[in-house]
Every structure is written in C-alpha cells, then in structure tokens.
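Protein chains: 2
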Amino acid sequence: MTNFSKLDARHLDLFREIVGAANVLTDEEALHHYAHDETEDLHYLPEVVLKPNTTEQVSSIMQLCQQESLPVTPRGGGTGLSGGALPQWGGVVLSMERFNKIIAIDERNLQVTVEPGVITEVLQNAVREKGLFYPPDPSSRGSCLIGGNIAENSGGPKAVKYGVVKDYVLNLEVVLPSGAVIWTGANVLKNSTGYNLTQLVVGSEGTLGIVTKIVLRLIPSPKYDLLMLVPFRSAENACAAVSAIFRAGYTPSALEFMERDALEWVTRYVDSSTVKIEEGIQAHLLIEVDGNYTEVLMQEMEGIAAVVAEFDCGDILFAEDHQQKEELWKLRRRVAEAVKANSVYKEEDTVVPRAELPALLKGVKDIGKKYGFHSVCYGHAGDGNLHVNIIRGELSEEQWNGTLKTGIREIFELVKRLGGTISGEHGIGLVQKSYMDVIFDDQHLQIMKQIKQVFDPSNILNRGKIFD
Amino acid sequence: MTNFSKLDARHLDLFREIVGAANVLTDEEALHHYAHDETEDLHYLPEVVLKPNTTEQVSSIMQLCQQESLPVTPRGGGTGLSGGALPQWGGVVLSMERFNKIIAIDERNLQVTVEPGVITEVLQNAVREKGLFYPPDPSSRGSCLIGGNIAENSGGPKAVKYGVVKDYVLNLEVVLPSGAVIWTGANVLKNSTGYNLTQLVVGSEGTLGIVTKIVLRLIPSPKYDLLMLVPFRSAENACAAVSAIFRAGYTPSALEFMERDALEWVTRYVDSSTVKIEEGIQAHLLIEVDGNYTEVLMQEMEGIAAVVAEFDCGDILFAEDHQQKEELWKLRRRVAEAVKANSVYKEEDTVVPRAELPALLKGVKDIGKKYGFHSVCYGHAGDGNLHVNIIRGELSEEQWNGTLKTGIREIFELVKRLGGTISGEHGIGLVQKSYMDVIFDDQHLQIMKQIKQVFDPSNILNRGKIFD
Numbered sequence: 019m020t021n022f023s024k025l026d027a028r029h030l031d032l033f034r035e036i037v038g039a040a041n042v043l044t045d046e047e048a049l050h051h052y053a054h055d056e057t058e059d060l061h062y063l064p065e066v067v068l069k070p071n072t073t074e075q076v077s078s079i080m081q082l083c084q085q086e087s088l089p090v091t092p093r094g095g096g097t098g099l100s101g102g103a104l105p106q107w108g109g110v111v112l113s114m115e116r117f118n119k120i121i122a123i124d125e126r127n128l129q130v131t132v133e134p135g136v137i138t139e140v141l142q143n144a145v146r147e148k149g150l151f152y153p154p155d156p157s158s159r160g161s162c163l164i165g166g167n168i169a170e171n172s173g174g175p176k177a178v179k180y181g182v183v184k185d186y187v188l189n190l191e192v193v194l195p196s197g198a199v200i201w202t203g204a205n206v207l208k209n210s211t212g213y214n215l216t217q218l219v220v221g222s223e224g225t226l227g228i229v230t231k232i233v234l235r236l237i238p239s240p241k242y243d244l245l246m247l248v249p250f251r252s253a254e255n256a257c258a259a260v261s262a263i264f265r266a267g268y269t270p271s272a273l274e275f276m277e278r279d280a281l282e283w284v285t286r287y288v289d290s291s292t293v294k295i296e297e298g299i300q301a302h303l304l305i306e307v308d309g310n311y312t313e314v315l316m317q318e319m320e321g322i323a324a325v326v327a328e329f330d331c332g333d334i335l336f337a338e339d340h341q342q343k344e345e346l347w348k349l350r351r352r353v354a355e356a357v358k359a360n361s362v363y364k365e366e367d368t369v370v371p372r373a374e375l376p377a378l379l380k381g382v383k384d385i386g387k388k389y390g391f392h393s394v395c396y397g398h399a400g401d402g403n404l405h406v407n408i409i410r411g412e413l414s415e416e417q418w419n420g421t422l423k424t425g426i427r428e429i430f431e432l433v434k435r436l437g438g439t440i441s442g443e444h445g446i447g448l449v450q451k452s453y454m455d456v457i458f459d460d461q462h463l464q465i466m467k468q469i470k471q472v473f474d475p476s477n478i479l480n481r482g483k484i485f486d
Numbered sequence: 019m020t021n022f023s024k025l026d027a028r029h030l031d032l033f034r035e036i037v038g039a040a041n042v043l044t045d046e047e048a049l050h051h052y053a054h055d056e057t058e059d060l061h062y063l064p065e066v067v068l069k070p071n072t073t074e075q076v077s078s079i080m081q082l083c084q085q086e087s088l089p090v091t092p093r094g095g096g097t098g099l100s101g102g103a104l105p106q107w108g109g110v111v112l113s114m115e116r117f118n119k120i121i122a123i124d125e126r127n128l129q130v131t132v133e134p135g136v137i138t139e140v141l142q143n144a145v146r147e148k149g150l151f152y153p154p155d156p157s158s159r160g161s162c163l164i165g166g167n168i169a170e171n172s173g174g175p176k177a178v179k180y181g182v183v184k185d186y187v188l189n190l191e192v193v194l195p196s197g198a199v200i201w202t203g204a205n206v207l208k209n210s211t212g213y214n215l216t217q218l219v220v221g222s223e224g225t226l227g228i229v230t231k232i233v234l235r236l237i238p239s240p241k242y243d244l245l246m247l248v249p250f251r252s253a254e255n256a257c258a259a260v261s262a263i264f265r266a267g268y269t270p271s272a273l274e275f276m277e278r279d280a281l282e283w284v285t286r287y288v289d290s291s292t293v294k295i296e297e298g299i300q301a302h303l304l305i306e307v308d309g310n311y312t313e314v315l316m317q318e319m320e321g322i323a324a325v326v327a328e329f330d331c332g333d334i335l336f337a338e339d340h341q342q343k344e345e346l347w348k349l350r351r352r353v354a355e356a357v358k359a360n361s362v363y364k365e366e367d368t369v370v371p372r373a374e375l376p377a378l379l380k381g382v383k384d385i386g387k388k389y390g391f392h393s394v395c396y397g398h399a400g401d402g403n404l405h406v407n408i409i410r411g412e413l414s415e416e417q418w419n420g421t422l423k424t425g426i427r428e429i430f431e432l433v434k435r436l437g438g439t440i441s442g443e444h445g446i447g448l449v450q451k452s453y454m455d456v457i458f459d460d461q462h463l464q465i466m467k468q469i470k471q472v473f474d475p476s477n478i479l480n481r482g483k484i485f486d
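Line by line, the protein sequences give chains Z and V.
The opening position of the first sequence corresponds to residue 19 in the numbering used here, with each subsequent residue numbered one higher.
The opening position of the second sequence corresponds to residue 19 in the numbering used here, with each subsequent residue numbered one higher.
Simulated from the structure, these hints should not be mistaken for lab results.
Among the hints, a few may not be true.
Copies of one chain are not kept apart here, so a pair can be met inside one copy or by any two copies together.
List of simulated lysine to any residue pairs, SDA-like, C-alpha gap at most 20 Å [as the list claims (entries may be wrong)]:
#1 Lys179 x Arg235
#2 Lys148 x Ala266
#3 Lys241 x Tyr311
#4 Lys364 x His61
#5 Lys179 x Gly149
#6 Lys241 x Lys343
#7 Lys241 x Thr292
#8 Lys343 x Ser157
#9 Lys434 x Pro376
#10 Lys179 x Tyr311
#11 Lys179 x Glu125
#12 Lys179 x Thr269
#13 Lys434 x Thr131
#14 Lys434 x Ala122
#15 Lys241 x Tyr268
#16 Lys148 x Arg265
#17 Lys241 x Ala266
#18 Lys24 x Asp59
#19 Lys179 x Pro240
#20 Lys434 x Asp455
#21 Lys364 x Ser452
#22 Lys148 x Tyr268
#23 Lys451 x Phe485
#24 Lys241 x Thr269
#25 Lys451 x Gln468
#26 Lys364 x Lys380
Chain Z on its own, in the form it takes in the complex (with noise of 0.2 Å):
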C-alpha cells in the first residue's frame, strides 16, 4: 500500500490555479481515455489529467503534489507499449501534449531546441526541410512524442546505422520532483562535466523528472537510400545473415526481420499486393542503405546480395521506386497493429548481440513448443533487437496468466545467457518489472533505487515503474 492521499476538490482549485480550468480534465471520457496506452488492455483511471504547457506550471504541480502526496504520472503520446505511462495509483496523470513547439532548429551548430509534446514524425519533418536528419524513428513516429522516446530511449529501425535517441540528446531541461527546475548537461557534443545527468535521465522511464525542453543534435540528411526484400527458406538462416552483412563491412541503414506470419499477417491487414510471400518462405530481411552517392549505394546492395545469397534466400526484390519503398515500409511499420487485429498478445522486446539471433530465435521457438503457445517474432535485426509476440490463441486463462510467465522467464534467461536484455527499446515499465531480477542482482538493483530516491525522495512520480 501507499501513502498517497485521494484527491479533492481543494486540489483541483489549485491545479484549476496553475494550468487554467480547461487543462484541468475530470470527466469520465476523458479519465479513461487518459486510463491505457499501447500495452496490452491494461486500464487504470487516472482521478485528473492535467495538460500544462510551461516549465513554471509544471514545477508548481509538482511543488503541490508533492506538499500533498498525489501521485503524478508523465505521459506523452500514449503509444507506450510497457504500461510505463499507466496511472497504476491514480492521482495526476500529467500530459505533456501541449508542450508542442519546435523552439529553435539551429543551423549552424545542426541542433534543434523542442518541447517534449512534438510529435516524433512533425520533428523530423521540419528539420528535414532545413536539409537536416533525426534519425530515431519508432514505428509510432505518427503519434507518439519525442519526451515519451526519451522517456523510453526509443530505437526504430535506423538505430542500426544511426544509434538510438540516447545517441542525439545533448541536453534536457528537467523539473525534478521537487519542483526545481535543471539543465541536465550543456548543448555541446562532448561533455566531461560532472556526472552524465542527461544520459541517467533518458531512458529512465518517466520515474526521475519531467522533462520540459530537450536539445538534440542533428546530421545532414543523407540525400538517397535503396531498399530491398529478402526471402529466406529458413528463419534462422535470415537471422545469421545479419551478422555476416555486417562482418562483410557494410552497415546497412535499416535491417529488419519479419517472420513469414508478421509479414502475411500484415499484408492481409493493410491489403497490400506489393509482397508475393512464396510457400517455403520461413523469413524476409529488409535491408536499407543510405548516403550521398547512388553508385556507391548500388556497390553495397550489390555486396549484400552476395552475401545474403549464401544464406539460402529466394528472389530479392528490390524496391523500384519511391512508391514501393513506402509501401515496403509500411508493411513493416505496421506489423504490430496487425498482430494486435489477429489476436490477444504479449510483446516481450528482447535484445541480444547480433549474431545471437539465430540462437534466440530458435530458443524462442523451443520455449514455444514447451508452454504450447505460438510466437510471431519481428524486429530490428541489425540491433540484435528481436520483439517476440506470443499469441494468445487459444491458451486458456490458467496458462496466459499463469503458467506463461514461466515461459517467459526461460526467454528472458536465455537472453541473459546470450549477452543480452530483457528491453531493447520498449522500456520496463510495468508489465516488465517482475522479470528484472533475471538481470540484475539485488546490489545493482539497489543501487537504482536509491539514485530513484535522489531524485524523488517522496516517490510520488511514476511510482511502481522499471521497479517497486
């Protein structure tokens, strides 16, 4: 149990007080809206959902919730898929959706100044006009916000090439808590300046600020890209590919892994005919690279598909125009919708070193057959980042929420095994925290808690993410 105290009318005057009585949201329709995010069908109300839109408002909602223990918990846009903007206790859900301004894209240090509401895919268009590049790119980029990628250190497919968003953020402004207000680094590209704050703070899920305003760097934009499919007889053939591009000297832009029921599921889903799936096909890669030069892009598709050759690969297509590229990628970004149609799932975000992957998965599959539940894997293979959807299909209760958590357990030991973790780029959130102890021994887990307690020592924010 909690010390958090109910909330009550005086509260919601003095929220009424800072944010303005529209940005104060009490009404059913809107507490349930603000009730679940992407991850499974969880539902928790939250008792207000407050929508600040200034650094100062925020530090006062803080000051108070914390003077009157009320529980607040961040929330961006809602896309999450580890609960970790679930409201578990009630209290303050704080949406940070009006906090929508791109402040400044700075050309001439190629950065970009930007509240934590701006949608991802709207940044990433507005400096691409400027000739510029973010590249982090979640397959939510539609919806989802740049502070929630922080808050979760998204990946996407062109991490491969380019790194997670961990890799562009230079600087946050974060109201702690308490109320006050810091700037975690400053806005330069190396920093040996005191303790990495900004670094601790990205990926920390939500549980040690509220992040306000956010400096990212940015790269000049690579001006062509070619893209291609690649059928595999076998999955795990598809798997060890990936390393062998890799050791063979490329880097690609995006490599990504579709078992054969993501990608049939998918193109049922969206009606696309752009994919012939061939009987035998166990597996595709879609395999991108960019840069400045199209012969050198032709020489490294050619490279590739010598490479892929040797791992026993169908007919490649090879993406012929713009069109067909974004429908190519659309059948990828939309895989997990299209699982979620299908059925009932649970998504576990395991990541491993790369060439392991043809070890997870065929582990992943043994697991499987052992706890009698299916599996459709996909993923940002180059990563070693492998998202493991387990179908609920006909498993009765007693073994969805039972006897599969001991499944999952076993993948998660065997990706400890391998090197790996248990979240790549999907955050721990609340549907995660039980398995944590697979990774970290009690030490270092207490270790995390008591930096939590630094910086939150009432535990009013977020409480119960990443762990108890």
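Chain Z is fixed; fit chain V onto it per the hints.
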C-alpha cells in the same frame, strides 16, 4: 579535514596477502612516481601503491579500505590533465596497469572485451588487425589506458565523426566501494532496461567505482583517408570555416584547429620541416576525411577546399603519402608537449557549440588582454572543443595563482553563455572543481553529490575530485 586513517604496518600486511608483496610498493621512488600525472606541476604523495590484476583483488582491497577508512585513488596511465589520479589524501593509489589483457575480440558481434589497463593504441592496433576500428584517440594514446579514457570520457580528433568514448562503451564490470561487483549493462547496441549506469560510470573520473572489465563496440575500419592542412590569415576565420564545412554537408573524420604559436612551437619541438608557416598566417585547420571509396573522398576534399577558400585561406597542403600524413598528425599530437616544454602553463578544456568557436576565441583573447596573459589555443574544432593554454611567461606569482583565477572564471562564464561547458574531454578532477558553480546551480550539484553517496557512502574513493 577528513576522517581517514593513516596507513600502518598491519594494513600493508593485509595488502600483501591480497595482491602479493611484489605488488605493494612503498619505496620513496615509486611513491614519487605515482604522486603526479600530466596536470601542471602538481604532486601528492600516496602512502602505498597497489597493483592488483583481478576483480577479486580489487574487491578485497575496497572492502578493506572501506572497513579501515583508507582513501583510495584509482590510476590509469597517469596522463590525465585535470589531476583525477592524484592521491590528494595520501592513502592508497590503486594502479590498474596490470589489468592489461585484451580478453576477447568478438568478430561476429563487432565487440571487444578488454581490461582497463590496456594502452589505447595497443587496443586500436589489435582490433585493426581484424579489420575493425575503435575510434576514440586521445593524443596520449601511446601511453594512456582504456580505463582512464573511460573515467574521463575521452575524445580525440576522430570524435567529430565517430563520437567519444561514451559512444563505444556497452557494458562495464565495476567494483563498487563496498567491494560488490556489478555489470552495468548488457553487451547490446540498444538497451532500455533500467537506469543507464554504464553512462553514469563513464566520465565519473573514478569516483563511483573501479572499472575492471570493459565491453566496447567496434566498427568496420574505413579503408582510406585523405588529409589536408589549411592556413588562414585570421584565426577567427579559421574557426568560422569549421561550422561552414558541416553546413555544406561534409562530416570530416578529423577537424583540428591550431593557432600559429601552437604549430610553430611544435614544429621547432619535434624539429620538423614538413610545414613552412608563411608570414601573416594566424592559424591552421588540419582536416581529414575517411571512407571506403577514394573517388568519394577526393570529391569531399575538393568540396571542403571550396568551402575554406571562402574564408581567406592560404595555400592548402594536401598530404601526399602515408609518411606525410604521419608527420602532420605527429605535429598535431605533440602540441601539448611542445607548449609544456616552452613554459609553465594551465590548460582549460573549453567546449562550445561549434559555430560559437569564433566568439569563444575572440573572447579568450580579449580576457587575456584584460588580465595580461598570453594564450595558445588549439583543439578539436569540429566538436567545438578548444584547449586554451594559458602561458605563464612573465606573470608574477600573485598574477599566476591569484588574479588569473578571475580571468579563467570569465572564460568559463563566456563558455556557459555560448551554450558550452568547462570540460570537453579532460574532466574536472582537482583543478577545475572550483569552477563547477559556473555551470551548475546548487540543486544540480546536490544531485551529483547524492549520487556519489549512493555509490560510495563512506566517501573513500577518489574523494575531492569533481566536487568537495
């Protein structure tokens, strides 16, 4: 004052049991050797130097020192420039030099597992033999140790294209001051599993734990590089050219700035005839591009030459062969030594967003005029990282150790106004900590100090570095 104990004969016996008598040094000569690093002319005698070579030994030493309240100062190659390895309180210097094994080069996953006492250049050469590349490349690479690079989050010339040490560290085995041993992360390219302790330890200057094993990511070695030296009639113009190169879409693999004095002194110091510095030339840029396609590199060099031509540059020297490249790099790498040989000096490791370099350089010179000091500036201009060497010259004792501090503070205040910070790659250590308040307010410093306390509640590990 501190609560530290003095070392006695019993302690020495216990240390001998742990690491063997040969690895417990107490003779005058050894103590003097470990009393300094490369920071100014500072000198602090330890009471004993220990040279463990296993994680278990380090753990036993830390347990004993914690129990007995003995201060511990970890040390790498002793090449530090901020006094991080100086045993300010006497006690134990923990020299990591015998942790000198490259444990495994994993060509399948493009990773290397290495002990912290391996010399940076030795590691680079070992992975290059496998066609792999570890880019962080401090000027001291021939004698600095990987562990020290991690402590300071080192950079070097390649950082501009490839990033700094923090961008290559995947996972660290760390002995905590309690003696507990943790792995901070996993051997993976993306990770959203709890707080990023890996990045908290990188750059923490040996204040949070002792790193005993390191997993680094590697990239394929670029096959070719080209190098040019560009003279400018105005140092500010040279700085202005830097950001113009990036805005034109080029990302050089090195972009170094040297003021006239820097290049002149080092040319004399190493007795080189490679560069003839024309009259009227105030600064040079050393610019490298690398990649796998020579035609592309030629195009890039031409493009960059066209950009710098707009900044009133002199005749460009294009390095003709490997030997000339080596010569030019030797000049750049040995500037620091040459300055040191020329005069007593203090080095300030400023960093700003790169387009602010001209304003920084002008400001440094103006502040110099005001306080009567001469400075020689050089550094990694592509990163906005300028090493400001303040030359003692004819300054009186009162000026050098008195009013100069106010001048340095003004430089740092300027750096802060320009969006930068007070150390790009050398760390804060002992010599910069009195300027931390320029960058961080008290709330922020308190967070850092409390994090220190989480890791090291007895404050025995490198106490007094970064902050008091």
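So, going through the hints one by one against the coordinates:
1. Lys179 x Arg235: both (16 Å within a copy, 13 Å between copies)
2. Lys148 x Ala266: between (34 Å within a copy, 12 Å between copies)
3. Lys241 x Tyr311: both (8 Å within a copy, 17 Å between copies)
4. Lys364 x His61: within (15 Å within a copy, 60 Å between copies)
5. Lys179 x Gly149: both (19 Å within a copy, 18 Å between copies)
6. Lys241 x Lys343: So Lys241 and Lys343 pass the 20 Å test inside one copy only (15 Å; across, 30 Å).
7. Lys241 x Thr292: neither (25 Å within a copy, 38 Å between copies)
8. Lys343 x Ser157: Classified as within; 15 Å inside a copy, 45 Å across copies.
9. Lys434 x Pro376: Intra 15 Å, inter 49 Å, cutoff 20 Å: intra-copy only.
10. Lys179 x Tyr311: For Lys179 and Tyr311, both the intra-copy (17 Å) and inter-copy (18 Å) Cα distances are at most 20 Å.
11. Lys179 x Glu125: between (23 Å within a copy, 18 Å between copies)
12. Lys179 x Thr269: Cα proximity of Lys179 and Thr269: in one copy and across copies (6 Å, 15 Å).
13. Lys434 x Thr131: between (37 Å within a copy, 17 Å between copies)
14. Lys434 x Ala122: between (42 Å within a copy, 19 Å between copies)
15. Lys241 x Tyr268: both (18 Å within a copy, 12 Å between copies)
16. Lys148 x Arg265: between (35 Å within a copy, 10 Å between copies)
17. Lys241 x Ala266: So Lys241 and Ala266 pass the 20 Å test across copies only (13 Å; inside, 24 Å).
18. Lys24 x Asp59: neither (25 Å within a copy, 62 Å between copies)
19. Lys179 x Pro240: both (12 Å within a copy, 15 Å between copies)
20. Lys434 x Asp455: within (11 Å within a copy, 42 Å between copies)
21. Lys364 x Ser452: within (15 Å within a copy, 52 Å between copies)
22. Lys148 x Tyr268: between (28 Å within a copy, 15 Å between copies)
23. Lys451 x Phe485: Classified as within; 5 Å inside a copy, 35 Å across copies.
24. Lys241 x Thr269: both (16 Å within a copy, 14 Å between copies)
25. Lys451 x Gln468: Within. Shortest intra-copy distance 17 Å satisfies the 20 Å Cα cut-off; inter-copy 25 Å does not.
26. Lys364 x Lys380: Cα proximity of Lys364 and Lys380: one copy only (19 Å, versus 59 Å across).
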